[in-house]
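Positions -25 to -1, 1 to 349 (mature numbering (1 follows the signal peptide of the UniProt record, and there is no 0)) are the ones given, in order, by the sequence shown.
I should point out that these hints are in silico values taken from the structure, not numbers from a laboratory. Any given hint might turn out to be false.
Computed Cβ-Cβ distance ranges for the label pairs, DEER-style [what the hints assert, rightly or not]: (1) THR277 <-> THR31: 24 to 34 Å; (2) GLU71 <-> ILE317: 19 to 29 Å; (3) ASP301 <-> VAL323: 43 to 53 Å; (4) ASP299 <-> ALA238: 35 to 45 Å; (5) VAL309 <-> VAL70: 24 to 34 Å; (6) ALA235 <-> GLY81: 25 to 35 Å.
Where a beta carbon is used, it is the ideal one built from N, C-alpha and C, also for glycine.
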Amino acid sequence: MTMKKSLYATTALLGVATVANGAHAEGINLDVGGFFNFYQSVGDPHGGFGVDDTQTFQDAEISFSGSYTLDNGIEAGVSITTEIANPNSDFQQGVEADGVYGYMKGSFGTVQLGSQNSAAYAQSWGAGPLWSYTLVPINTGWQSYFTGGTSANAGNFYNVGGSTHLDFANDAQRIAYYTPRVAGFKFGASWAPEIQGNNTQQFGFQDSDTTASDGLSASVSWSQDFQQVGLSAYAGVNTAQAADGSGNEDPEHYMAGVRANFAGFGVGYAFAEADNPDAVSAAQGDSPDDGRAHGFDVVYSTGPFTFQAEALISRTDGNSATPDADQETYKGAVGYNLGPGINLSGGVIFDNQENNAGVDSDAVSGVIGTTMFF
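Let the hints inform the model, and build the full structure from the sequences given.
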């Protein structure tokens, strides 16, 4: 369970002025939470890439969230997340915003305004393979940290080369709407007027000749419990208007997944397909990131232990400059809960990549680390 501390919101925290009169005098109470994790890997890489035998990965996030219920019953709130990466990391450095939005919630559903991921991406975590910091996750490109960079999944956090969770831009400025969950179903939709990778703080005008625009997303998730069996599923699609100067067709993403849990066991499957994702830029011709990915997992939990076997299998279609690539990643991991929010993790990852240019690379890596939630 996440342990949280409550802080009274001030103008210094929110960066906005608050008029303290009437119902506004009480203000918003913020919950402060987050996590810290550290992993060390020892690997045995082979093939044509040449990498170090050891890798260290460190990451942390601090999140602020709070809300206030108005007299008419509508809940107004904010969610602010900041990611703090290892300044000495080879993969990610510095401090950056990782989703900052406000919302209004009521019987009509939830409207979210600000930097956030698409509705299809957001609902893709509700089913499919279980993703957990405490189980050495691989279905988002994480394995590239531990296999020494031999993996084509490096940098593929939102692409089929390394994930079944797809998006055109990380935390773009969006307007999103989610319905209440009724009979197990929840629908979502979002719109991003501008699409440019990692544009959390994108202000001003963008040139539609060189940048994709009008990112649209729709999704549906379903979840129900039947006695001791829990079932869940989701489906989503992303599309956008390609950059006018690219001559490309509009980019598209398709995602779907299912999951079942019973008596400590869980099994999940997810599928993702990308069509012309490079159309978000002015790149010409066929995209080298077209392709599809499949994710599978089996989980068993007993007491403080959780065990997971997981696989991610992907294929990206090349073009005249980039060869086709096939990738298979397999992982076995165990997590042990020491106490509230404190976990130890360990696992073994096998990663294999082949392409039609004659490159055949594989790596085996052992990983151990800790994750702490607060």
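- Whether the CB-CB distance between THR277 and THR31 falls inside 24 to 34 Å: Check passed, 31 Å falls within 24 to 34 Å.
- Given a hinted range of 43 to 53 Å, is it respected by the beta-carbon distance of ASP301 and VAL323? Roughly 21 Å apart at Cβ, these two residues miss the hinted range, so it is violated.
- Query: Holds or violated: 24 to 34 Å for the Cβ distance of VAL309 and VAL70?
  - Reply: holds (32 Å)
- Message: Holds or violated: the 25 to 35 Å window for the beta-carbon distance between ALA235 and GLY81?
- Response: Given a distance of about 32 Å, which is inside 25 to 35 Å, the answer is holds.
- Query: Is the hinted range of 19 to 29 Å satisfied by the C-beta distance from GLU71 to ILE317?
  - Reply: holds (26 Å)
- Item | Cβ distance range 35 to 45 Å for ASP299 and ALA238, holds or violated | holds (42 Å)
Checked against the numbered hints above, the structure violates only hint 3.
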